[in-house]
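Undergrad: Residue numbers (this note's numbering), protein chains in the order written: chain A, 1 to 241; chain B, 242 to 482.
Treat the hints as calculated values from the structure; they're not laboratory data. Since the structure is predicted, the reported quantities are computational estimates derived from the model, not experimental observations. The beta carbon of each residue, even a glycine, is placed where N, CA and C say it ideally should be. Hints are supplied without guarantee of correctness; some may be wrong.
No more than 30 Å apart at the CA atoms, straight line, and that leaves these computed lysine-lysine pairs for DSS-like [said to hold, decoys possible]:
hint: 1; chain 1: A; residue 1: Lys3; chain 2: B; residue 2: Lys413
hint: 2; chain 1: A; residue 1: Lys99; chain 2: A; residue 2: Lys155
hint: 3; chain 1: B; residue 1: Lys301; chain 2: B; residue 2: Lys394
hint: 4; chain 1: B; residue 1: Lys396; chain 2: A; residue 2: Lys193
hint: 5; chain 1: A; residue 1: Lys143; chain 2: B; residue 2: Lys394
hint: 6; chain 1: B; residue 1: Lys394; chain 2: B; residue 2: Lys359
hint: 7; chain 1: B; residue 1: Lys396; chain 2: A; residue 2: Lys155
hint: 8; chain 1: A; residue 1: Lys193; chain 2: B; residue 2: Lys434
hint: 9; chain 1: A; residue 1: Lys193; chain 2: B; residue 2: Lys413
hint: 10; chain 1: A; residue 1: Lys172; chain 2: A; residue 2: Lys193
hint: 11; chain 1: A; residue 1: Lys77; chain 2: A; residue 2: Lys99
hint: 12; chain 1: A; residue 1: Lys118; chain 2: B; residue 2: Lys413
hint: 13; chain 1: A; residue 1: Lys172; chain 2: A; residue 2: Lys118
hint: 14; chain 1: B; residue 1: Lys434; chain 2: B; residue 2: Lys394
hint: 15; chain 1: A; residue 1: Lys118; chain 2: B; residue 2: Lys434
hint: 16; chain 1: B; residue 1: Lys434; chain 2: A; residue 2: Lys155
hint: 17; chain 1: B; residue 1: Lys384; chain 2: B; residue 2: Lys318
hint: 18; chain 1: A; residue 1: Lys153; chain 2: B; residue 2: Lys245
hint: 19; chain 1: A; residue 1: Lys155; chain 2: B; residue 2: Lys359
Calculated Cβ distances over 12 Å to all of chain A for the following chain B residues [as the list claims (entries may be wrong)]:
hint: 20; residue: Glu331
hint: 21; residue: Pro333
hint: 22; residue: Phe336
hint: 23; residue: Thr402
hint: 24; residue: Ser422
hint: 25; residue: Glu428
hint: 26; residue: His460
Protein chains: 2
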Amino acid sequence: MNKKPTLFTSLSPALLHLFDLTDSIVVIIDVFRATSTIATALYNGAARVIPVSGVDECKKLGNELAGCITAGEREGKVIEGLQYGNSPAEYPREFIQGKTLVLTTTNGTRLLHMALEKGCSEVITGSFPNLSAVCDYLMNQEKNIILGCSAWKDKVNLEDTLFAGAVINRVKEHFTIHDDSSLMAEEMYMLHKDNLSELIQHTTHWHRLAAYGLHKDLHYCISIDVANVLPVYKNGNLVIG
Amino acid sequence: MNKKPTLFTSLSPALLHLFDLTDSIVVIIDVFRATSTIATALYNGAARVIPVSGVDECKKLGNELAGCITAGEREGKVIEGLQYGNSPAEYPREFIQGKTLVLTTTNGTRLLHMALEKGCSEVITGSFPNLSAVCDYLMNQEKNIILGCSAWKDKVNLEDTLFAGAVINRVKEHFTIHDDSSLMAEEMYMLHKDNLSELIQHTTHWHRLAAYGLHKDLHYCISIDVANVLPVYKNGNLVIG
Chain A
1 MNKKPTLFTS LSPALLHLFD LTDSIVVIID VFRATSTIAT ALYNGAARVI PVSGVDECKK
61 LGNELAGCIT AGEREGKVIE GLQYGNSPAE YPREFIQGKT LVLTTTNGTR LLHMALEKGC
121 SEVITGSFPN LSAVCDYLMN QEKNIILGCS AWKDKVNLED TLFAGAVINR VKEHFTIHDD
181 SSLMAEEMYM LHKDNLSELI QHTTHWHRLA AYGLHKDLHY CISIDVANVL PVYKNGNLVI
241 G
Chain B
242 MNKKPTLFTS LSPALLHLFD LTDSIVVIID VFRATSTIAT ALYNGAARVI PVSGVDECKK
302 LGNELAGCIT AGEREGKVIE GLQYGNSPAE YPREFIQGKT LVLTTTNGTR LLHMALEKGC
362 SEVITGSFPN LSAVCDYLMN QEKNIILGCS AWKDKVNLED TLFAGAVINR VKEHFTIHDD
422 SSLMAEEMYM LHKDNLSELI QHTTHWHRLA AYGLHKDLHY CISIDVANVL PVYKNGNLVI
482 G
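Using the sequences provided together with the hints, build the complete structure.
TA: Written as structure tokens, this is what we have:
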């Protein structure tokens, strides 16, 4: 029997340094809403998504690139000087097809760059809208996996943990998992998989975004396989893998 | 109605900086095994427990203080040059009564000093052997609470999370809790409160300590109220509060 690759869950960017990322695939998870938006934009035909850490870099690329949309949020709101926000509903096919989306967000794009800096071999992004694409890919790679939750300003959150649990529940037979965070993530998912819509109303993020009337967005972000493509990071761009 | 104080759960020392410790009580949680051992030693009549971060400091105090036991572990094992380890079973009444225990451990004593450095107003220690004493105290203080899990070298662990959940389950009516970590901790505890003995055999810590034949220790550490005193940190000492 071949030795199975390992799988670990990092519940917060502030814990990512505890894991050996060498030769590993890191799955960036930012359910509310960056990685849901990334999957949706690509599913709806975006040529690519460029994740950038800073607002200035976002604006600069917006000026340089043709056919480009600048978008992002801080504290859940559209940033002044950028064109769009971090809502998947802003990127239907008739709008985004063929375009480049330059995106900066509070947590998800920051974690993606942390993972790259720490020398992982590959970055993909995941959320409920592309759960199957993520799981199918991971099961076929025979590589070590880090499920990287973006959290909220480093505070552990429920929705990213639940998505990690959903992935673990599907792929676990293919990996060696000795990790209490993974155990908790899967158990939380199994406990709530049939009432996710109700559960998310208890998250801190729900209360934060509810103030902006984004309930519909949040329900979309926990809808399984509604934008089932695999965003893979290549040469600075997230493209369909 | 008076405004209730807040309660947050820090799942790892690497997350403690995210919380405002000012005017807060921090509960240091290191179920396997520091805070179980601290409760047990005090319950069995130890005059005080002095938690120290470093091995050298432990040895130095051992030389200076009369009637003093030096103890500690790194990687779950007794440290060379110290007299005893981090097992509650090493501290029965006939041995520890009236003595001072100077203790250094991998995770728990380190977190305690972190909390003090970050300016919390009070430190107490908790584990299943003194669950009721901790909860009764917290409900009567009307102060903000941080439940500080010691984790394992900053990696989130199940047993400390479960104890946080047990506390939350008992005290929650007295606090405002908007914190996904607390929500998860309580749900994990409720899911497993009737099978803790079986569950801990799935923790990473069980596999780590099983190699040293410490199963009996671990079962003791999840036994509720078997050493039901409240260790409070005062002037460098943990004493019964």
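Undergrad: Confirm or reject each hint.
TA: Taking the hints in turn, this is what the structure says about them:
no. : hint                 : verdict
1   : A:Lys3 to B:Lys413   : violated, 45 Å
2   : A:Lys99 to A:Lys155  : violated, 33 Å
3   : B:Lys301 to B:Lys394 : holds, 25 Å
4   : B:Lys396 to A:Lys193 : holds, 26 Å
5   : A:Lys143 to B:Lys394 : holds, 25 Å
6   : B:Lys394 to B:Lys359 : holds, 19 Å
7   : B:Lys396 to A:Lys155 : holds, 14 Å
8   : A:Lys193 to B:Lys434 : holds, 21 Å
9   : A:Lys193 to B:Lys413 : holds, 25 Å
10  : A:Lys172 to A:Lys193 : holds, 17 Å
11  : A:Lys77 to A:Lys99   : holds, 22 Å
12  : A:Lys118 to B:Lys413 : violated, 39 Å
13  : A:Lys172 to A:Lys118 : holds, 25 Å
14  : B:Lys434 to B:Lys394 : holds, 25 Å
15  : A:Lys118 to B:Lys434 : violated, 38 Å
16  : B:Lys434 to A:Lys155 : holds, 26 Å
17  : B:Lys384 to B:Lys318 : violated, 37 Å
18  : A:Lys153 to B:Lys245 : holds, 25 Å
19  : A:Lys155 to B:Lys359 : holds, 18 Å
20  : Glu331               : holds, 26 Å
21  : Pro333               : holds, 31 Å
22  : Phe336               : holds, 33 Å
23  : Thr402               : violated, 7 Å
24  : Ser422               : violated, 5 Å
25  : Glu428               : violated, 7 Å
26  : His460               : holds, 18 Å
When each numbered hint is compared with the structure, violations occur for hints 1, 2, 12, 15, 17, 23, 24, 25.
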